[in-house]
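Student: If you want the building blocks of each chain, they are given just below.
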Amino acid sequence: MIQAQQNQRLFFLGLVLLIAFCGLGYRLVDLQVHQHIQYRQKAEINVRSTELLMPRRGDIFDSRGQMLATSLPAKTIFADPTLIGGYQANLAKEIGPLIGMSEWDLYHKLQPKSFTRTNTDGSFRVVTNRYVVLARKVPLERWKLIKDTMRNMEFGDMSQLNRKQRGFFRNLRRSISADTVEDSIRIYPNNHLGAHVLGYTSTRDVAVDDRQAKEIVGMDGIELAFNNRLTGTFGYRETEKDSRRREVATKRLKEVAATDGLNVHLTIDARLQHLVEQKLADVMDKFQPVSATAILVRPQTGKILAMATLPNYDPNRPGDVPKGREDFRKNRAIMDVYEPGSTFKIVSIAAGVEQRVVRWGESIWCEKGNWKWRNARPLREYRGHSYESMTMETILAKSSNIGTSKIAVRMPANTFEGYLRGFGFGARSDIDLRGEAKGILRSSSRWRDDDRTRIPIGQGIAVTPLQITMAIAAIANGGTLMRPLLIDRLEDADGNVVGRYNPTPIRRVISSETSRTITRALMSVVSKKGTGRNAIMDYYSVAGKTGTADKAVNGRYTNGKNLASFIGYLPATNPELVISVIVNEPKGGGSGGKCAAPCFKDIADTAANYLNLQPDSVELDSPLLSRLQRQSQTPFINVMNR
Amino acid sequence: MPKNRKRSAPAIRLGPVVKVVVVCLLLCLAGVGFVWQKNQIFELGQRMKEKEQRLEQLRVDNQDRANRLAYFRSTRYLEDRIQKLRLGLSAPKPEQVYTLTDQGVRNEGDYAGPQYWARARQGSSNQRSQQDSAKKR
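From first to last, the protein sequence lines stand for chains C and V.
So my numbering is basically just the index in the first sequence, starting at one, shifted up by 18.
So my numbering is basically just the index in the second sequence, starting at one, shifted up by 4.
Take these hints with a grain of salt, some might be off.
[As the list claims (entries may be wrong)] Simulated crosslink set (DSSO-like; lysine-lysine; CA at most 27 angstroms straight-line):
(1) 60/C <-> 42/V
(2) 53/V <-> 162/C
(3) 269/C <-> 88/V
(4) 182/C <-> 155/C
(5) 53/V <-> 259/C
(6) 155/C <-> 111/C
(7) 162/C <-> 55/V
(8) 304/C <-> 579/C
(9) 272/C <-> 304/C
(10) 269/C <-> 304/C
No lab work stands behind these hints, which were simulated from the structure alone.
Pulled out of the complex, with its shape left as it was, chain C reads as follows (with noise of 0.2 angstroms):
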């Protein structure tokens, strides 16, 4: 009987055991065969991770390799005010220094502030900032620092504190973090030098693959113009981490490594730039104008190597200008138009030379000053001078308005036209910068009587100070228009060239014969007799032209308002660097001659000594003369008798 019950009731436990074994067995197979994929795919969530790997922004160099631009890593530090407590003045008094903020206002940021928020059917809930930004951009040096603080501060006497007590300072010490989120810092570390070509950058947020990263995109000047060649591409890494979510590195799936982007290699000068803004520095004192810009350009090549305009700003802050004056942004030499004067005559009379409209020599009568042609308005000259015959020389020598206009008037309208498109006048210089104008030039079949004669002597025309540095290169390359070219080469992180820039000849403009007449026309400018007497080297011919227009406001010119420039190359004999000079309403209203072409010879004094240009002329008056020639037996070349 006993045996038989225990018998039974050994049955029924092996019955439940049975049951509760198939169950668990059942219960495996649900887990490890019908749902494998939801947990495998639950437990890859948890233990894998994709890392956006940074490219880094491609640096900008100047012709010599002198470092314009670079990146560095930053973070953006942020605070949770909800793991504070009462300990807001703390850190503010131990953090603010370190993030450039007033106690006062990193007091107020770390105070943990509660709004509503709508959810999306309606309700509202109640939500604290747990995520305060207190600064972007920081130096990994500087975040090194915050971190080495925050960890070491003292808050009284810890040994006395119970678990929740050391739990919450533990997190107070947290408090102030880092983002995850990668970023970096632009550095410009000549500051101001340069900062119109360099241009400026601005942070952006991207989401690459749903994952959140910063990146750095030009704004200005070459940073915007070379924006997808500065930037680089992004990298990923897919990965194992472990609980402590650490990346775990024998388990990497898959790396994608990021490209970082080019260096750009430019023709500019850090040095010729930095005496360039020195001497533009100089000129902003003594006449106080409204802008003055410079250029320096290789004729031969078209390398610009220097492009300068005051007032400029400091690109690693580019909204430091003062209020309402963004202009300081503008970069002049190639966004603004002017009616450019004087300086034209060049390029008028070297048409009528190329059209064999006037020869070397010849006399044109100058009307004592007053001349009517057609329809057009009378013509008069610069200050009331009356002038009676004049050989195209003295005509650039004095600067003869009436004597310019008769030469280009006896050219067709559509050939006079058709030189001054040739010589780049109303057509940007494709040069590598973004914002260029393209200045003013109408059709010749709109021309009235009154442009047939203004035109050539540089008023009823717009352009820009690049456009008419190039078109005298182009006579100082012997009649050929070059590209003006701001950038050298392009190379990789590793310093492989991956691009080259090379001289590109635009167009034949002018024969070499009409650039040789020319020049010897505008060296009479610069000589003791010519308006640019303030230009003359010790041991450079120069050719160059003044310039000083009025400037129109309203439609009428106004006396006072002018724009004051100087155009030179030298040496005349062999022309190695064209600089102009353009100097914005200086206050007085200064003429060329006497504001831009002293500047022009400050600069092109240093310029050519630091460049080595091959002197070819001295003052037979020179004491330097009598000295070199009692050091040296070496006769000079050419001996010009100004």
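Fit chain V to the known structure of chain C by using the hints.
Tutor: Quick look at chain V alone, frame taken from chain C:
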């Protein structure tokens, strides 16, 4: 009466025991080896990661130093330092420069630096060697 061998046989036979122990040991060693190897892989991974971080840090430091170098080499900084330290250095004024016209360098990018002088020296040595060879002939 024949001896009962079953009764007289030892309770545990050595051979199978040794076999079992060896198999267990092998299994244990294999297990320990497997864990050790896994641990090594993990540790090597950690070290790899550390090295990578160190390399990245060095790259950042390198960039930082390049940036500082560029700042220290900038003309503006040099001029400021010259003024602060009162070194009395300045760019030569035109009247302080003796300009000779016999050996000018015309090519662009040729500065009167070491390369120029090296080339000049090379040129003169080439001339000399040509003269020597002419003399020998």
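Student: Flag every earlier hint the structure violates by its number, smallest first.
Tutor: Violated hints: 3, 4, 9, 10; rest satisfied.
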